[in-house]
Each structure stands twice: as C-alpha cells, then as structure tokens.
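S.K.: Residue numbers (the working numbering), protein chains in the order written: chain A, 21 to 283; chain B, 391 to 695.
Derived by calculation from the structure, the hints in this document are not laboratory data.
Quick reminder that beta carbons are idealized off the backbone N, C-alpha and C, glycines included.
Each statement offered as a hint is correct.
Not everything, but these chain B residues come out facing chain A in the computed CB check (under 7 angstroms): (1) 469; (2) 470; (3) 474.
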Amino acid sequence: MDIGMYFKPPELTSGAFKVWRRNKDVFMKNAKLNLLPPFIEPLLYLFAMGFGLGMFIEEIDGVPYAKFIAPALISVSVMYGAFFECSYGSYVRMYYQKTFDAIIATPLSIEDVIIGELLWGATRSTISATLMLPVIALFGLITFPHSLLIIPFAFLAGLLFACLGMCIAAVTPNIMSINYPIMLFITPMFLFSGTFFPLNVLPEIVQYIALAILPLTHVVMIIRALTFGTPGLELLFNLAWIIGVCAIGFVVSVNMMKKRLVV
Amino acid sequence: MIYIPQVIVGKDVRKEFGEFTAVDSVAFSVDEGELFGFLGPNGAGKTTTMRMIQCISPMTSGTLEVFGMDVNSHQREIKFKMGVVPQENNLDPDFTVYENLFVFSRYFDIPENEAKKRVEELLEFVHLEEKRDTMTESLSGGMKRRLVLARALINKPRLLILDEPTVGLDPQSRHLMWDKLKGLKKQGVTIVLTTHYLEEASQLCDRLVIMDNGKILVEGSPRDLIQEHIGPAIVETDKDPNIISCLEAHQANYEVLGEEIQIYTDNPQEITDHLLSECKLKRVTARTATLEDVFLKLTGRKLRE
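Sequences and hints are given; from them, build the entire structure.
M.R.: Pasting the structure below:
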C-alpha cells in the first residue's frame, strides 16, 4: 500500500467550478426550503437554550448565556452545513444518482468533481453563517463590524468540514454506516468544543485533546472572538491549525475519493 | 487505395482487477465512420473495454489511442470529442429533461446561446420536446434512453460509445434507437456499441468482435462471420442416437446443442431431403444461419455469472 498516493496534490481547474455550479443550481431550485433552516434554527436554539436554560445560568466568563452560545450556534451550523453536504449529499450523488459517473464521461475529471463538491460544501456553510448573522444580530448578541469576518471565515472552516465529510463518503461501505462517524466524532464535537459551556471546566487532558483533534474547538474560538468583538493575536494559532488541517484534508479527501472511484 | 483513418487503436490492451484478468491483452481497431460492435456474454470484458476507451478506467498495460491520442495522457482532449451512452441511465434526477441537457453542455464549455440552440435541436431529434420540463424520474424507460442519447450528442461528438443502448426497450423504442444510430453514422459519426441482441448487431454493425473471458475470439463483418463459422444455413432436428449415427455415417457437419441437433450446410434443401429419406428424421427445420448461431457456437451455452 503506497501511502504517498494520498498526498498527491490534485489539479485545480475550472471544471471544479462547473460542478460547483451544478450543485448551486439544484440548491436554488429549492431555494425557499433550503434557505429556511438558517433562519429558524438559531431562533429555536436561542429561545430554548439561551433564554430558557439561560434563566438558570446567569453568566459565563462575564457574558450572558445567550451571548455565549450565539457564536457556537453559527459554528455548529458551519460544521453541519458542509459535513452533511459532503458526506450524505456527495454519497447520494455518487452512489445512488450516479451523477459523478455521468460527469466524468465529459471532459471533466474525477478531481474536478470532488473539488467542486468540496467547494460547494464550503459554500453551504457560508450561506448558513451569512443568513444566521442578521437573525442573531436582531437579539443584539453579536458585535459589528468584527462579525462580518465570520462570512469569509465560514468558507474556510466549511471547507475543512467538507473534507472530513468527503473522507467518510470515500470509505463508507453504505449510507447507513455514515452514522458511525457522526455518533463517534461529530456529536462529541458538537458537545465538547467549548460550544455550550467553556472548555476550561473540563479536565486539563480533555482540553488538550479537544484542541488537538476537534476542529470545531478552533472554529468556535475564532467565531466567538469575532462576535464578542475581541479578536486577538492568539487566534492566529487557531487559524493556522484550521488552515493546516484543511490543506491536508483537502488533498487526502480528493485522493481517497479517487481511490474509490477510479477502477 | 483509399486511406481511412483509424479512430481507435488498441494493442495488448490489458485490465486486471487484483487476481482477475478482465481484459486479456486484446487488440482491435475502429475505422472512422464505422459502426463497430463488441459482443460477448456477461463478464466477457466488453464494458471494461468501453470504460478504457472512455478514459475513465486506467489500463493495466498496453497501448490505446483514440483520435491518435493516448488515453493515459490526453483524457480531456479525447473526452471533448466523444459522446457516451452508459449501460445505466445516469440522468441527473435533480433536474428536468431540458436542464439535464443544458447543465451537461456547460461541462463541454459550449457557449450558452449555442447550447440553448443545440438543446432544442436534440429535444426534437429524440422526440422529447413535450417533456422538456418533466423531471427525469417520471420518464418512461424508452424516453430516458433517448434523453441519454441526446445528452451524449450535446458536444457533437465524432465518436459515440454506447454500452447496451437498447437494453430493456420495447420494439418501437428499439427501432427508433436503431434509426437514430444509422442517421448518425450517415453523418460520419464513428459508433462503437456493445449489445446482447445479436439481431441488433447484425443489422447495425459494419464490423464486430466477439469477446469471451477477456479475449477477442473473432473479428469481422456479421456476414463474413456467419459464412466462416456456420455457413449459410442450419437444419435443426431433435436429438436422437439413431440420427447421430446416421449423420456420422454421412460425415455431416453437425453439433448437438442441448436437446437439439444442428446441421450446418450451404444447401439446406438438399440436406433436408437427404436426411428425411435416409436418416428417418421426424421434425426438421431449415433456416438461415444467424449471428446468434456464431455467438453460441463460439462462446458455448453455459450460463454466465
């Protein structure tokens, strides 16, 4: 087994953009339905947790609970948007719809297809984050203009989760098995990434693990600093971590998919 | 001598999947403007060969050139000039009939105005104008197949590859597909197809190969293959030991196939009379030999996986 093949940089061409456009066109056909969740979900979470649960939690680190979780809601939505698009979504297009097979019979390559899917996954995260901002802003929970930086950042963070989802789509034996990584990785990440309570209440070792292997931890730290309006230089560490893992994930996920599809 | 350029040239083309050899060092070539067939039982290696020609499945070894370009290094250039009708209808279920064609046109860099024009022409060509806004799931099998054909033509290909184009179609749809293919051939499009329908291959193909177990067994025009391997006619009768000994005595060219004896001949009338009187045959049928006879003779009657 040649490990090196997983690290071969893929060729980026305009073909990827055509695949991105195909997915965007499908998304826009059902725009009303697809654009609704980013409006509704933060409202539900904010009422249930921010204002419901928040009655019992006065402040965390000196901020009201609703304000504490608002950036986490955006981060989680960034994670889910890209991850589900590139795990379930890509798997359905690849396996059930045979969309990838149809496209690679044209001048587009399999690399174009996978990169287009990844870019689209990141775009979905960006769309979610962008739509959530005004809703959360209505409650006065985020600071402008810092929070506008969340929009480009959502694309980068989304790309990371898109790559994760694509790695899973590349190895899953069937669609049901995608539940395992969700149960073992995505859900723990949802809970233990400093999302709904601060990371520092956890045992020190768990904090280190969260920082080492849970991408959402870094995403939450950056988005929280932006919504609080207090970005500092220490965020460069989080940003570097995300860029590094994203770059590796990008190359590896494309090659894993190639291994599955080029036979 | 007239020089006819070759569109596909394969030499020692080999494809292995682990221990299994799907295509076993075959050689073939397809001339420009020709309608060429790959025939063979399931698992013979036809689809694998098609996929290598389409530049989507890398060869294990050998050389394969399409339009004079290597399939390993010129995939995009080759695919720009090629149209593909795959075995499975992989239409995009997220789009309507019209959108399926239009979205596909973008993959070939066809400018939008030109694409719209071509989509209209193709919808007319495959008689789907009235279904333009229908989602592909609600099309009938024949309509789906026609739409896949239209989609394969969006880039005005010089080479059209069809993997079992008429499988599962009713006779009307099948004849329509044949008509369309003959029309495209007249326009100079080189066509390569696989099929399990031997009658279809006889009707359409200028030349064909019969594959089995990854190897090419024979190559030629349907007529030549029948002539060479069977002869013009076949006389069929029921299997019976007495008849077999009688045929042996007359040194007839015959074969026992299941519960039936087939006698290959170029003079069915004479043989039939002869057999009826001398071998006391009861039921005798004389008929023209077909490509199916060649196929079964060469690949046997054993069922394939």
